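Asks: From first to last, the protein sequence lines stand for chains W and V. Plus 15 on top of the position in the first sequence (first one is 1) and you've got the working numbering. Plus 1486 on top of the position in the second sequence (first one is 1) and you've got the working numbering.
Only true hints are included.
With a straight-line Cα cutoff of 20 Å, these simulated SDA-like cross-link-like pairs (lysine to any residue) come out: (1) V:Lys-1590 x V:Arg-1630; (2) W:Lys-88 x V:Arg-1530; (3) W:Lys-88 x V:Trp-1537; (4) V:Lys-1711 x W:Trp-257; (5) W:Lys-88 x V:Pro-1532; (6) W:Lys-88 x V:His-1699; (7) V:Lys-1711 x V:Leu-1750; (8) W:Lys-88 x W:Pro-74; (9) W:Lys-88 x V:Ser-1612; (10) W:Lys-88 x V:Asp-1531; (11) W:Lys-88 x V:Glu-1690; (12) W:Lys-181 x W:Ala-208; (13) V:Lys-1590 x V:Gly-1634; (14) V:Lys-1711 x V:Ala-1758; (15) W:Lys-162 x W:Pro-74; (16) W:Lys-88 x V:Leu-1613; (17) W:Lys-162 x W:Asp-174; (18) W:Lys-88 x W:Ala-76; (19) V:Lys-1590 x V:Asn-1555; (20) W:Lys-224 x W:Arg-200; (21) V:Lys-1711 x V:Asp-1751; (22) W:Lys-88 x V:Arg-1534; (23) V:Lys-1504 x W:Phe-109; (24) W:Lys-88 x V:Ser-1540; (25) W:Lys-162 x W:Thr-173; (26) V:Lys-1711 x W:Phe-292; (27) V:Lys-1590 x V:Leu-1629; (28) W:Lys-88 x V:Gly-1547; (29) W:Lys-88 x W:Asp-75; (30) V:Lys-1711 x W:Ala-255; (31) W:Lys-88 x V:Leu-1698; (32) V:Lys-1711 x W:Leu-254; (33) W:Lys-88 x V:His-1700; (34) V:Lys-1711 x W:Arg-251; (35) V:Lys-1711 x W:Asp-298; (36) W:Lys-320 x W:Arg-46.
It is worth saying that the hints were derived from the structure and are not from the lab. Computed from a predicted model, the values in this text were never measured in an experiment.
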Amino acid sequence: MQKGSAGYTMPAERSVGMDHSHYPYSPLPTRAALTWPSGKSLAMGALVLLEHYEWDPPPDAYSLRNSSGGLIKLPAPDYVQLTHREYGHRVGVFRLLDTLERHGIPVTVAVDKLTAVHYPWLIDHLMQRGCELVGHGVAASQLITSKLSEEDEAEIITDCLDTLEKLSGNRPSGWFSPEGVESSRTPELLAAAGVNYVCDWPNDEQPYKMTTPVGDLVSLPLFLEVDDEFALWHRRASLASWEGMIVSAATRLHVDGQTSARHMMLTLRPWLTGQPFRIRTLDRALSQVTQLDGVWAAHGNDIVKAFSES
Amino acid sequence: MALPPHRVDYLPMADRPKISWPDEAKVALWIAPNIEHYEYLPPRDPRRNPWPRSPHPEVQGYSHRDYGNRVGFWRMLDVLDEYGVRCTASTNLAVFEHYPDIGKAMTERGWEIMSHGIYNTRYLSSLTEEEEREFYVDCVDTLRRHTGQELKGMLGPAVSNTVRTPDLMAEAGLIYHADWLHDDQPIPINVDNGPLVSVPYSIELNDVPVFLHHHDTAEFVEMVKAQFDTLYEEGETSGRVMALALHPYLMGMPHRIQGLEEILDYLLGHDAIWQTTASEIAEHFIEHHYQEFVEHAEGISGVHDAS
Chain W
16 MQKGSAGYTM PAERSVGMDH SHYPYSPLPT RAALTWPSGK SLAMGALVLL
66 EHYEWDPPPD AYSLRNSSGG LIKLPAPDYV QLTHREYGHR VGVFRLLDTL
116 ERHGIPVTVA VDKLTAVHYP WLIDHLMQRG CELVGHGVAA SQLITSKLSE
166 EDEAEIITDC LDTLEKLSGN RPSGWFSPEG VESSRTPELL AAAGVNYVCD
216 WPNDEQPYKM TTPVGDLVSL PLFLEVDDEF ALWHRRASLA SWEGMIVSAA
266 TRLHVDGQTS ARHMMLTLRP WLTGQPFRIR TLDRALSQVT QLDGVWAAHG
316 NDIVKAFSES
Chain V
1487 MALPPHRVDY LPMADRPKIS WPDEAKVALW IAPNIEHYEY LPPRDPRRNP
1537 WPRSPHPEVQ GYSHRDYGNR VGFWRMLDVL DEYGVRCTAS TNLAVFEHYP
1587 DIGKAMTERG WEIMSHGIYN TRYLSSLTEE EEREFYVDCV DTLRRHTGQE
1637 LKGMLGPAVS NTVRTPDLMA EAGLIYHADW LHDDQPIPIN VDNGPLVSVP
1687 YSIELNDVPV FLHHHDTAEF VEMVKAQFDT LYEEGETSGR VMALALHPYL
1737 MGMPHRIQGL EEILDYLLGH DAIWQTTASE IAEHFIEHHY QEFVEHAEGI
1787 SGVHDAS
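Produce the entire structure from the sequences given, and follow the hints as far as they go.
Replies: See the structure below:
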């Protein structure tokens, strides 16, 4: 290591592996071959997000600086952004559910606490349709970050899980943090709360094990590049381009998965892909993906279970 | 939505009374050119800078939009005339004073004028309750003075609002608010003295975000067609609303105008549409469906006691 000036603050220890202890480095080609039930090469899942944005979030709450939806960042009350997001709960979610069901894809739904509390009809509806619910924090306007105390973070996690258990009858085994934002404590606090899998780390094509001082959990990565918000909102991909991304990713994963099985979790927002003009693109993409021979469509917890048992 | 300020009750599309449009139309289509004036030297608003690119004046941004009133509007008008479109013009009402030629062209054609405030650089978000009340009086008077029309609805100036906006609009006699993007059907808005309903507008099927975010005309045309196809299919079961939001400074450009022709060709080529105005959609809904929607929502909404 170079001995530089006093202002040079590069870490002195550059040790092999990750710069955190959540999981070890694991290059995919060196892993034991993963197999899915019935020898399918690609597990396909859909994570639908029901995110609640508050009109008047608590003053100390943290939300994304460039959260999606609406037009531009407007002074409160930003009817445009808030009602654009609300469209998902009122209208868009049903288009997504109908479309995914038509293609035989079981739906996993991340639900935050305020959605559950304020849309009880919707929770009943999701349960009647056989959706798997996963925890999703309190609200998209109250993110889990390192600015929270450990106590407050643990409270958000258990509050969400308790609420979903009470209103749906099932305690979720999975978790996706609001906006995918975590603190450095989150995996440990999730494990402590009994969560079995987490979707916050989009870094792999297979599930993998995370370790924490209080127990293990599984990371089930989402596919960030084809995430509807990432592709369509932030990168402003055209509809045809998004359709192409989904289909070519699935096609390639399906081939590569014949050596060691892969999974693909599509992240879908009802306010975004549930819009009338976008739903047709998803429909077209899924028509092509589900024609691939050897696709296993599954809930998040089934993929995790198959991984844990393989 | 159920959370404060309690303006809207939850009513899922999957469980609603049926909407019937006149002549069994599946889709009520309203086309909304935004006829705007952005001020050259707007007063400083502490909460929102209309021209953030440079100290004012920001001549380039100003001119880009001014092009709409000088050139783009007239090119668009030819196309809209060709297709016989009855527009709902989302209008900064000072346009009637600054550009009487435009005001005359709109009134001659029997367009409905929807308030889009006075100027697109004067935001509601910074007004006190009394100031906002005066604002509606100004809007109602200005429109009446220049057209004889009674003002029925508003898209907030540059989509700005206050928490009081729906109450004060209804108090001024308006019956619809276009700032709610939460639905594909009109929805009752809870106000002190109503009725007030939302009429679905769009910031997706809207040339501003589409073109400012680098999509080309062909993509916009595809989006509009796909939107229509879905709503037309769904409208078989219960009537839907589709809004097409346009700005002459964008859609009236020479390289885009053909896209508008393609769009109108496609939309107006379908039989079961009701090409109408926002106030006619609101009036029809209030007369035939409002009460049923309110009652149905009462059976669905409600906050669970999660304690």
